[in-house]
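Engineer: Protein chains in written order, with my numbering: chain A, 1 to 232; chain B, 1 to 377.
Honestly, the hints are just simulated from the structure, not real lab data.
Straight line, CA to CA, 25 Å or less: simulated SDA-like cross-link-like pairs of lysine to any residue:
hint, chain 1, residue 1, chain 2, residue 2
1, B, 377, A, 207
2, B, 366, A, 14
3, A, 165, B, 1
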Amino acid sequence: MSEPAVQVNHVVKTFGNGDQRVYALREVNFEAQYGELLMMVGPSGCGKTTLLSVLCGTLSIDSGRIRTLGHNLDEMKPGELTRWRGRRIGFIFQQFNLIPTLTILENASVPLLINGATRKVAEERAAHYISELGLGDRLRSFPSQLSGGQQQRVAIARALVHDPKLIICDEPTASLDAKSGHKVMELLQQTALRPDRVVIVVTHDSRIFEFADRIAEMEDGVVKGIHLNSKK
Amino acid sequence: MLRIAIHMLIRDRAKYGMLVCGLTFCALLMSQQSSVFCGLMQWTMATLRNVSAPVWVMDRAVEQVNEVTALREIELDRVRSVPGVKWAVRFYWGITQARLEDGSFQQVQLSGLDTATLAGRPAVMKEGRVEDLRLPNAVVVDQVAREKFAKKGLKLHLGTKFEINDKQAIVVGICETQRSFLGQPYVFTTYDRALEYVPFTRKRMSFILANPQDGVSARECAARISKLPGLRAVETEDFKWQTIWWYIKNTGIPISFGTVVILGIIVGVAISGQTFYLFIHENLRFLAALKAMGANMGMLARMVFLQAFVVGGVGYGMGVGLAALFGNGVLKKGQPPFFMPWQILAFTGGVIIFICCLSALFGLRKIARLEPAVVFK
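Same shape as in the complex, but just chain A:
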C-alpha cells in the first residue's frame, strides 16, 4: 500500500459568484494513509465539512485534484462516482441520520441493500456489526427508542457493514455527552481501524483528540499543519 489512501492537491472550492463569492477551501493540500485515523480540527466555518464533502465526491471542486482510494474523483462520471461511493465509503453523520421508520437492523443494512445485496445477507451482516457494537438485543428497536450514544453506534454499524475502505465521520460526538462520545470513539477505533482502511474524522471536540493518529488543523479554508498526536 505505497499510495496514500487520500491525496488532496491544491484544492479550491468556492460558493457564490462575483462579490458574493466565498472561499471555503483555498489551495488545500494533505494526504491520509491507510490504517490511520486522521482528525481534521478547527473552528466552525473553517472548511472542515466542505473538505469532507469533496473527499467523498458529494461536492465538486473548482480546481485542484483529489485522489481517493486510487481514483481521481474529477475524472469519474456522476453515476460511476455514486456507485463507487456506495461501495467504498462509509459515513457517520453528526445527526446520525438513521431513518426513524426503520428498525436499527434495517437502518444498518441499507448500504448493503444499495449495493444490491439480498435482504437476508444484508441483515445477517448488519446484525453481526450491531451485536459487535453491543446492541445485539435491540435489533428490532426503532432509533427513537435508543439513546444518542446507542444511535451513533448503529450509525457506526451502518458505516462498516459494507466493508468500505474510507470511513468519513462528521462531528460524530457533537450530539453526545462526554461519556457517550468517548465510548463511541473507542468503539469506532476498535471496529473501524484496519490496515487497509482509513478513517477521517472532522471534529472540534477536543475531548476526542486522543483517539487520532494524526491531527490536521484547518483555519480559514487552509490546512495549516498536520502533526502526530502527542497524546497517543
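Fit chain B to the given chain A structure using the hints.
Structural biologist: Frame of chain A; chain B shown alone:
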C-alpha cells in the same frame, strides 16, 4: 431497497393514513358519482330495455325515446312495405293516471303492445302470464307499481282492480322492469285497450316496432325505413345512445355529476399530492443520506414511485370497494340509480395513477435537486 421504501411509507402512520384517506375519498367520489350518473343514463332508456324490439320507427322529429310525436296509422303499412322488413307492429307509449280504490292517483307509463303478437312484451314475468293481456280489461304491471301502489295503501296482486281514465284495469300479471328516468311504474296492456284508456287524438301510434328479415341487419333495415318521408327508424342500441346523448346535451345532469367528479380529482390531487410532497420533504435529510451512501436517482425514483403506487393502490381499492358496497346497497333498494361498468373502474384507476405519478414527480423533482452534501450541514 423497495422493501425499505414500503416500510418508510407505512410506518409513518399519520401520513400514510392521510394519503390513503385522500385517495380513497377521491376514488370513492369519482366511481360512486360516475356510477350513479351511468345508472341515471340507463334509466333514461328504460323503455328501450323493457320493450324489446330490434328496430324502432318514429316521427322524424323524435330525438329520444321519452318524447313522442304520434304517427298516423297509415305509416304502419308503409313500413311493412319496405323490403327487408319481416314484421312491423304498432306500439303505444304515454303517461297517464291510474285511480286507485281509495280515490288516490298514481301516474303510470302506459305501454300498448300489438294485440295479436304482443311484440315488445316484458321479458321477465314474476307472476301471471303475459298472454292473459288478451282477457278483458287486463293489464300487466311492474314491481315499481307494486311499490308505489303499496305506499298508497293498495296491495297489488293478480286480480287487483284500479281505473285508468274511468275505465277498469285488472292486473293479470306482475313483471320485472328496469326503473325509468321518469320514475312512474310501467303498465302493459294491448294496443287497442291502451287507446281506450287514453283520450282520443287524431294521431295515436307512438312508435312502430319492426323486425328485419333474415340476412338483413337491424341497422340496414332501419336505414331502409328511414328513406320513407317523415319517418325515422333506429336500431335499438343506436336509439339507446341517441337517448343518452340527448340527456347529456339537453340537461344539466352531466355538469352536476361532472362537477362532483372534478371536485374529487381536485381533492385527491390537493390532499394526496400535498401530503406526499410533505412526506418527501420530511424525509429529505434521509434521502440525502441515501444519496450520499450511493443510492442513485434511478433507485430513489423506483422507491418514490413504489410508495406513490402503494398508497394509490390501497386508496383505489378502498374507494372503489366502498362505491361497490354503496351500489350493492342501493341496487337492493332499487334506487338511486347505480351502474358501474368496467370503464368507470378504468377511468378511476387512470386518475389515481395520474395523481400518484404527479405526486411522485413533484417529490422526485425535489430529490433530484438535493445535493447529498447537505447531510454534512
